[in-house]
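Undergrad: Residues per chain, in single letters:
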Amino acid sequence: MKTIIFYELKEMIRNKWWLGYGLSFFILSSLIFHTGVTESLRASASLLNLVLLLVPLFSLVFGSISFVENMPFQEVLLAIPTSRFSIFFGKWLGLSIGLSLSFVLGMGVSSLWYSVNVVFLMGLGVVLTFIFVSISFLLSNFLKKKELIFGIVLLIWLLFFLVYDVAIMAIVSLLSDYPLEKLIVLLVFFNPIDVVRTMVTIQEDLSAMMGYSGALFYKYFGSGMGVSLCGGILILWILFPLILGYWKYKRKDL
Amino acid sequence: MNIFFLLLGICFSNFAYAIDIHHLIEIAKPFDEITIPFGAYKVGTILIDKPLTIKGIGMPILDGQGEKNTVKIEAPDVIIEGFEIIGSGYSEVAEYAGVKIEAGERCEVKNNKFNNNTYSVFLVKSKDCRIFNNIISADAKYEATSGNGVHLWNCKGIIVEDNVIRGHRDGIYIEFTTDSMIKNNLSEQNIRYGLHFMYSHRNKYVRNSFLNNQTGVAVMYSKNIEMLENDFQKSWGRSSYGLLLKDISDSYIGYNSFRGNTMGIVCDAASRNIFIGNSVKDNGWALNILGNSESNFFKNNVFISNFFDAMTNAERTTNVFWGNYWNLYFGYDLNYDGIGDSPYRPMKMFAKWVAKYPELTVLLGSPVVEFLEIAEKVFPILTPITFMDSAPLMRR
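Residue numbers (numbering that gives the first Met the number 0), protein chains in the order written: chain A, 0 to 253; chain B, 0 to 395.
If you're looking for bench data, these hints aren't it; they were derived computationally from the structure.
Be aware that one or more of the hints could be misleading.
[Claimed, not checked] Straight-line Cα separation of at most 25 Å, SDA-like style, residue types lysine to any residue; simulated pairs:
{"no.": "1", "chain 1": "A", "residue 1": "218", "chain 2": "B", "residue 2": "233"}
{"no.": "2", "chain 1": "B", "residue 1": "351", "chain 2": "A", "residue 2": "223"}
{"no.": "3", "chain 1": "B", "residue 1": "140", "chain 2": "A", "residue 2": "161"}
{"no.": "4", "chain 1": "A", "residue 1": "181", "chain 2": "B", "residue 2": "354"}
{"no.": "5", "chain 1": "A", "residue 1": "218", "chain 2": "B", "residue 2": "352"}
{"no.": "6", "chain 1": "B", "residue 1": "376", "chain 2": "A", "residue 2": "218"}
{"no.": "7", "chain 1": "B", "residue 1": "376", "chain 2": "A", "residue 2": "173"}
{"no.": "8", "chain 1": "A", "residue 1": "181", "chain 2": "B", "residue 2": "80"}
{"no.": "9", "chain 1": "A", "residue 1": "181", "chain 2": "B", "residue 2": "366"}
{"no.": "10", "chain 1": "B", "residue 1": "109", "chain 2": "B", "residue 2": "92"}
{"no.": "11", "chain 1": "B", "residue 1": "376", "chain 2": "A", "residue 2": "168"}
{"no.": "12", "chain 1": "B", "residue 1": "376", "chain 2": "A", "residue 2": "251"}
[To be verified] Going by beta-carbon spacing under 7 Å, a handful of chain A positions derived as facing chain B:
{"no.": "13", "residue": "17"}
{"no.": "14", "residue": "44"}
{"no.": "15", "residue": "232"}
Where a beta carbon is used, it is the ideal one built from N, C-alpha and C, also for glycine.
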């Protein structure tokens with residue numbers, strides 16, 4: 000398994016996309032930090048959106064491409080005595096660590112350059128990488144056609160990034176006569192991107208702008224209890240697709 | 000005029016106990032000058048009932064021992080200078096202060112240090128007094144059990160200048176007081192307001208800094224207040240504002256700077272005020288103008304990188320914006336007169352929605368909101384139409 004992880008990592012680093020991913024974070028976050036010297040509040044929101052936009056998208060696309068393109072090699076590997084477990088999880092770990100490394104390097108260098116503390120956001124970005132690589136593995140195992148996989152992957156990204164929030168908005172405006180706070184908190188938990196966004200806005204105390212309505216959300220996303228609850232939810236978001244994907248992979252006729 | 004020179008030269012602090020300040024004041028004649036050398040004096044309450052100048056050399060400490068007022072002045076023309084005044088008492092029914100002036104005229108409190116007093120300087124029914132160059136600090140924990148740094152009640156013509164005030168309930172509190180001047184003070188880390196006006200007309204505050212207070216300045220139920228060149232910074236929290244105007248009319252707010260507050264300026268039933276040349280930057284909300292505020296006029300203000308520019312809960316407004324700079328304005332200027340040809344609507348749709356549906360707080364910073372904002376900009380249907388700047392500036 001160790002060999003597979005290192006193999007994946009090496010493969011990853013040799014890939015020019017890996018460099019491009021890190022560089023794009025370096026350049027874009029530098030741009031935001033640069034303007035952020037004068038516009039701190041808006042800058043932190045843009046930085047957050049940058050992470051929420053790029054990390055899931057890249058992780059999904061990278062994960063699915065890498066898994067599907069790598070299929071013939073996996074068949075070769077399985078011919079020699081290697082367990083499916085070590086191939087699947089080795090690949091997952093290697094990919095996720097590689098992507099996280101690129102992300103952390105890109106953003107870390109620029110944040111050190113401008114001496115801004117973004118450790119919390121970077122940590123969450125790494126968690127998001129793991130989550131969306133898991134989801135991409137799940138999809139690549141359940142769907143057969145390559146084109147279909149890439150299509151669905153983009154659709155999933157759009158769903159989590161955009162459509163889900165529109166749905167929340169619709170629910171809130173349509174059902175505004177009912178007490179909705181707990182439902183909304185529950186709904187947020189079902190979207191990892193929303194969990195991360197809410198955690199960051201509460202952590203940076205942006206929610207204070209919203210007066211007392213932010214207080215309830217602080218309870219669920221900001222306090223010690225809330226942060227550990229969110230952490231648990233995010234770990235579930237990593238494990239659930241991963242285990243389901245592996246379950247399918249184990250039974251798959253390669 | 001007789002002058003008592005006491006123990007000038009080298010003084011030892013334990014030697015100083017021998018000086019009985021109460022006795023000195025008793026035997027002094029009006030308009031005498033008393034000089035107190037360095038030392039720690041456990042005085043209880045010093046009562047000054049005749050015009051005197053009392054000077055400390057080397058910052059002698061006057062300790063009220065937590066009893067009542069440390070220094071109480073009940074006479075005109077009293078000057079207190081160069082002391083460290085500590086330990087006024089705390090009471091549920093009376094307001095005990097480091098220096099309390101009752102019915103004083105032309106009194107001066109200057110170059111002192113105040114530490115751990117419930118109230119530090121407290122003026123009652125006084126006139127033309129001056130509080131100058133003091134460093135006032137306390138360690139207030141709860142609003143109910145703490146007092147204010149400088150408290151003016153029913154006074155007239157007071158000047159509060161060059162003081163540093165921190166850690167009180169309100170930095171400076173002004174009630175039923177007219178024609179005062181608050182100038183060049185720094186008021187920070189107070190647990191309620193940096194400066195607080197109640198029913199106090201015709202006052203002026205200029206070039207003060209308000210940092211890290213729960214709310215920078217609260218001006219309430221007053222008329223004709225001039226607020227010039229002040230600095231309101233970092234009042235951030237769930238009910239924190241830079242400047243709160245509650246029932247204020249005919250006032251002038253000019254050339255102030257608002258930075259990093261949750262809400263820069265809040266107008267609640269504030270009418271006929273003029274806002275000119277203020278710089279409002281990096282706030283959560285730049286302006287919150289409630290529907291009960293009417294006929295305010297905003298001109299030449301600069302709004303930069305606020306999360307939201309403005310908020311109102313009214314459908315129609317009589318407030319006028321003219322010639323302000325908004326960094327989120329992306330209009331065009333065909334005739335190059337420096338004024339944008341299309342009006343700017345500072346009120347965001349999301350602001351309105353959050354006011355209506357508080358649960359939408361979770362979508363703060365979501366890209367969906369940005370997309371809907373763009374749609375709203377093209378077809379404004381939700382934001383109040385009259386709430387706009389008809390002549391936004393193209394550059395600052």
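Undergrad: Evaluate each hint against the coordinates.
TA: Verification of the hints:
no.: 1; hint: A:218 <-> B:233; verdict: holds, 24 Å
no.: 2; hint: B:351 <-> A:223; verdict: violated, 31 Å
no.: 3; hint: B:140 <-> A:161; verdict: violated, 45 Å
no.: 4; hint: A:181 <-> B:354; verdict: holds, 18 Å
no.: 5; hint: A:218 <-> B:352; verdict: holds, 22 Å
no.: 6; hint: B:376 <-> A:218; verdict: violated, 34 Å
no.: 7; hint: B:376 <-> A:173; verdict: holds, 23 Å
no.: 8; hint: A:181 <-> B:80; verdict: violated, 60 Å
no.: 9; hint: A:181 <-> B:366; verdict: holds, 23 Å
no.: 10; hint: B:109 <-> B:92; verdict: violated, 28 Å
no.: 11; hint: B:376 <-> A:168; verdict: holds, 19 Å
no.: 12; hint: B:376 <-> A:251; verdict: violated, 52 Å
no.: 13; hint: 17; verdict: violated, 26 Å
no.: 14; hint: 44; verdict: holds, 5 Å
no.: 15; hint: 232; verdict: violated, 14 Å
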